[in-house]
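Following the hints, position chain B against chain A.
Chain by chain, the residues run as shown.
Protein chains: 2
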Amino acid sequence: MKNPIIAAIESRVSANLFDAGRTLADEEIEELARLATRAPTAYNLQNWRFIAVRTPEAKARLRAAAYGQAKVSEAAVTYIVCGRKPSHTVVEERLRPSVEAGFMPAEMVGAWTAAVEDGYRDDPQKQRDEAVRTATLGAAFLMFAAQAHGLATGPMVGFDPAAVAREFALAADEIPVVLVAVGHAREGNWPQKPRLPVSRVLETV
Amino acid sequence: MKNPIIAAIESRVSANLFDAGRTLADEEIEELARLATRAPTAYNLQNWRFIAVRTPEAKARLRAAAYGQAKVSEAAVTYIVCGRKPSHTVVEERLRPSVEAGFMPAEMVGAWTAAVEDGYRDDPQKQRDEAVRTATLGAAFLMFAAQAHGLATGPMVGFDPAAVAREFALAADEIPVVLVAVGHAREGNWPQKPRLPVSRVLETV
Numbered sequence: 061m062k063n064p065i066i067a068a069i070e071s072r073v074s075a076n077l078f079d080a081g082r083t084l085a086d087e088e089i090e091e092l093a094r095l096a097t098r099a100p101t102a103y104n105l106q107n108w109r110f111i112a113v114r115t116p117e118a119k120a121r122l123r124a125a126a127y128g129q130a131k132v133s134e135a136a137v138t139y140i141v142c143g144r145k146p147s148h149t150v151v152e153e154r155l156r157p158s159v160e161a162g163f164m165p166a167e168m169v170g171a172w173t174a175a176v177e178d179g180y181r182d183d184p185q186k187q188r189d190e191a192v193r194t195a196t197l198g199a200a201f202l203m204f205a206a207q208a209h210g211l212a213t214g215p216m217v218g219f220d221p222a223a224v225a226r227e228f229a230l231a232a233d234e235i236p237v238v239l240v241a242v243g244h245a246r247e248g249n250w251p252q253k254p255r256l257p258v259s260r261v262l263e264t265v
Numbered sequence: 061m062k063n064p065i066i067a068a069i070e071s072r073v074s075a076n077l078f079d080a081g082r083t084l085a086d087e088e089i090e091e092l093a094r095l096a097t098r099a100p101t102a103y104n105l106q107n108w109r110f111i112a113v114r115t116p117e118a119k120a121r122l123r124a125a126a127y128g129q130a131k132v133s134e135a136a137v138t139y140i141v142c143g144r145k146p147s148h149t150v151v152e153e154r155l156r157p158s159v160e161a162g163f164m165p166a167e168m169v170g171a172w173t174a175a176v177e178d179g180y181r182d183d184p185q186k187q188r189d190e191a192v193r194t195a196t197l198g199a200a201f202l203m204f205a206a207q208a209h210g211l212a213t214g215p216m217v218g219f220d221p222a223a224v225a226r227e228f229a230l231a232a233d234e235i236p237v238v239l240v241a242v243g244h245a246r247e248g249n250w251p252q253k254p255r256l257p258v259s260r261v262l263e264t265v
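Those protein sequence lines, which keep their order, are chains A and B. Take 61 as the starting number for the first sequence in our numbering and just add one per residue. Take 61 as the starting number for the second sequence in our numbering and just add one per residue.
It is worth saying that the hints were derived from the structure and are not from the lab. Treat the hints with caution; some may be incorrect.
One copy or two, it doesn't matter: identical chains are merged, so the pair holds either way.
[To be verified] In silico SDA-like pairs for lysine to any residue, Cα to Cα no more than 20 angstroms straight-line:
| hint | residue 1 | residue 2 |
| --- | --- | --- |
| 1 | 186 | 150 |
| 2 | 253 | 147 |
| 3 | 145 | 130 |
| 4 | 145 | 232 |
| 5 | 253 | 152 |
| 6 | 145 | 114 |
| 7 | 186 | 161 |
| 8 | 186 | 127 |
| 9 | 186 | 259 |
Isolated chain A, as found in the complex:
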């Protein structure tokens, strides 16, 4: 039998068609987000936020901000995955549980705080890159978590970031990076699109 993770990677499709009649319980929406947050982040900053859009009213607002894409209405839920600009002020809180668990030396907290402060200061592009990277990692783990739950996913980058920020009251440091529709697929989705031969995108040195 094929390894289940490899099977998931090879069978995943970017779903466009969802069964609009099937919803997800709030507990499952929360569980998928919990698993998404197991993705790694630099310095364990966890500089992300997830907005799960699942009521008809909220879906209508998100759909309008996503150029009318029907899957926002039809999927059970669409997560707005936001990245946040790194802030050294949160490092101590983010790392305290690792110190309390006994594996992280307490003196590293100060060092990591300084590393975040020094590493991102006065560099808005680096701050933004980190926000995009973090949110994208969260979205990828969310997609795997959904697949583990037998659900289809449809990632979207076609949306108006300013409209999403306005409609869902994002904070000034939050960037909406990707939308991920999650739900039960209906018939008719495309298969996974063929990829380039790996030799075209891999160099070994």
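Same frame as chain A, but now just chain B:
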């Protein structure tokens, strides 16, 4: 028994300590990259490139560009995952196999080409965001693929992008987004660092 994907998510650690005595065959290095490229990309652009660094000489150059991090030397291989700025000129080639496979209508190729051209033109930040997003998705799928192969992974953002670009002759449109060390873990890695309660990062609307 727990779902294997969920088990992988919950058991993954960001490995720092690798068994320097164990290598990977080039076939396995290539297979992991092949699985990584099954990640989704906007318009199936596949705007990424992977450089697998696995010889002592190349590792030494990458380690120097990564502030001396030992895992670059000790892991069997470290992938430099690069994102590329989107280009409408590649859309036809990227989509032709989907048309030939019979599920994508031929007339959509022109529409998607125009969408890429119009969507990213004159917007360097949007181009860069797409490059970072694509490479990060590839890196996330690479991490899952490695886990499926029983391997540990150590993602790194601590490196000098200009030095990496210079040492590994990146093209002008390529951005080194993340390094992923892959190999056999040795004893002593930290467990997964505790995360915030999901209620702190999830809003349901």
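Results of checking the hints against the structure:
1. For a Cα distance limit of 20 angstroms, the shortest separation of residue 186 from residue 150 inside one copy, 18 angstroms, qualifies, whereas the shortest one across copies, 28 angstroms, does not.
2. For the homomeric pair residue 253 and residue 147, the shortest alpha-carbon distance between copies (18 angstroms) is at most 20 angstroms, but the shortest distance inside one copy (38 angstroms) is not.
3. Taking the closest pair of Cα atoms, residue 145 and residue 130 never come within 20 angstroms of each other, the shortest separation being 31 angstroms inside a single copy and 28 angstroms across copies.
4. Proximity of residue 145 and residue 232 under a CA criterion of 20 angstroms is satisfied intra-copy only: 9 angstroms inside one chain copy versus 26 angstroms between copies.
5. For the identical chains of this complex, residue 253 and residue 152 are inter-copy neighbours only, at 13 angstroms across copies versus 44 angstroms inside a copy, given an alpha-carbon limit of 20 angstroms.
6. Proximity of residue 145 and residue 114 under a CA criterion of 20 angstroms is satisfied in neither setting, with 26 angstroms inside one chain copy and 33 angstroms between copies.
7. When the C-alpha separation of residue 186 and residue 161 is checked against a cutoff of 20 angstroms, the pair qualifies neither within a copy, at 31 angstroms, nor between copies, at 40 angstroms.
8. With identical chains, the CA atoms of residue 186 and residue 127 are at most 20 angstroms apart between copies only, with a shortest distance of 17 angstroms across copies and 29 angstroms within one.
9. Taking the shortest Cα distances, residue 186 and residue 259 never come within 20 angstroms of each other, neither inside one copy (30 angstroms) nor across copies (28 angstroms).
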